[in-house]
Amino acid sequence: MTWDLGGRTLTSRLITGTGGATSLDVMRRVLAATGSQVTTVAMRRVGHYALGGGSLLEVIQQAGAEILPNTAGCHTAAEALLTARLAREALETDWVKLEVVADDKTLLPDPVELLDAARKLVADGFTVLPYTTDDPVLARHLEQAGCAAVMPLGSPIGSGLGIRNPHNIAMIIEQASVPVILDAGIGTASDAALAMELGCAGVLIASAITRAAEPETMARAMKLAVEAGHAAREAGRIERRWHAALASSPVEGLVSP
Amino acid sequence: MIITINGQPRDVPAGTSVAQLVKSVTDQDRGIAVAVNGEVMPRREWPGIALGDRDQVEVVTAVQGG
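Protein chains in written order, with my numbering: chain A, 1 to 257; chain B, 258 to 323.
In short, the hints are calculated from the structure, not lab data. Just so you know, these numbers come straight off a predicted model, no measurement behind them. Possibly wrong hints are sitting among the right ones.
Cβ-Cβ distance ranges computed for the label pairs, FRET-style [to be verified]: (1) B:259 x A:140: 43 to 51 Å; (2) B:259 x A:124: 52 to 60 Å; (3) A:211 x B:268: 40 to 48 Å; (4) A:146 x B:265: 52 to 60 Å; (5) A:240 x B:286: 55 to 63 Å; (6) A:234 x B:311: 53 to 61 Å; (7) A:76 x B:261: 17 to 25 Å; (8) B:284 x A:144: 24 to 32 Å; (9) A:1 x B:263: 24 to 32 Å.
Using N, Cα and C, we set each Cβ at its ideal position, and we do this for glycine too.
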């Protein structure tokens with residue numbers, strides 16, 4: 001079943017990040033194993049990163065994935081605005097994964113700068129996909145600002161701590177009319193499945209795949225987890241019964257000794 | 258004249274264009290963007306834009322991330 005993100009129709013609900021892969025070959029195999037149709041890149045000064053440049057873009061294009069540039073490393077709306085505009089010029093896309101972090105220790109989003117940047121980028125014609133906290137009120141403001149999705153964290157970037165506040169993620173999903181994509185914090189397959197069971201439209205995973213001991217195997221695990229979690233959500237899970245069990249075998253016609 | 262390119266000062270001949278500067282820092286021909294003093298310069302205009310003394314130039318490309 002397909003879903004729409006920023007005017008594009010996608011089949012895969014697993015968005016990947018290229019960060020952390022130790023080689024372009026690993027990246028190629030990860031993209032193939034996930035079937036990811038959207039993958040992120042960062043923008044940096046030329047000559048700083050060996051794995052950057054034209055060949056990275058070729059790997060992404062050969063995989064048939066859409067490039068989603070991010071504004072990672074930006075701490076202010078002004079920095080994010082310039083980075084997004086450079087990405088648009090370099091990569092010929094108006095999509096941007098908007099990241100505006102408060103500090104480099106926690107990498108938590110700065111809500112004030114984030115919302116300011118989102119409003120300005122929307123006004124400048126960007127399709128804005130903001131990485132945000134799991135605060136339902138901020139998510140609402142971002143949607144009202146015209147963002148094409150909201151992407152709350154499960155836990156801090158690269159922490160692998162999973163979804164620390166599933167209730168908040170559920171609240172964000174319940175009120176949102178744009179896709180909600182769980183971005184950051186996923187550590188293993190069950191975290192991705194939980195995100196989808198909560199009703200996320202998709203998940204964005206980088207480190208959990210690229211920094212796993214076997215990235216290609218983890219890529220496949222994440223693909224299956226996203227599909228399983230989404231199917232479970234669609235199937236409608238049984239109610240949780242906290243105080244009494246409910247037999248699944250007939251309660252009548254029991255033999256007596 | 259002295260310009261700043263990606264945070265480093267550099268002495269370049271007066272009248273150096275954005276296109277010439279880009280060619281001197283990278284042989285990549287795609288996936289590159291340039292900002293001069295905080296403004297993005299469209300690629301098609303690079304040959305015609307002459308840099309000025311003390312201009313701050315950023316030349317960026319896509320790298321792994323996120």
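Verification of the supplied hints:
Under the hint 43 to 51 Å, the C-beta atoms of residue 259 (chain B) and residue 140 (chain A), about 49 Å apart, fit the expected range. Between residue 259 (chain B) and residue 124 (chain A) the beta carbon distance is about 32 Å. The supplied range of 52 to 60 Å is therefore violated. Taken as a hint, the range 40 to 48 Å holds for the pair residue 211 (chain A) and residue 268 (chain B), whose Cβ atoms sit roughly 42 Å apart. Distance hint check: the CB atoms of residue 146 (chain A) and residue 265 (chain B) are about 38 Å apart, inconsistent with the given range 52 to 60 Å.
Evaluation of the 55 to 63 Å hint for residue 240 (chain A) and residue 286 (chain B) yields a pass: the beta carbon distance comes to about 58 Å. Taken as a hint, the range 53 to 61 Å holds for the pair residue 234 (chain A) and residue 311 (chain B), whose Cβ atoms sit roughly 60 Å apart. Take residue 76 (chain A) and residue 261 (chain B): their Cβ atoms lie about 20 Å apart, and the range 17 to 25 Å holds. Restraint check, residue 284 (chain B) to residue 144 (chain A): a C-beta distance of roughly 45 Å breaks the suggested window 24 to 32 Å.
For the pair residue 1 (chain A) and residue 263 (chain B), the beta carbons lie near 45 Å from each other, so the given range of 24 to 32 Å is not met.
The earlier numbered hints that this structure contradicts are 2, 4, 8 and 9.
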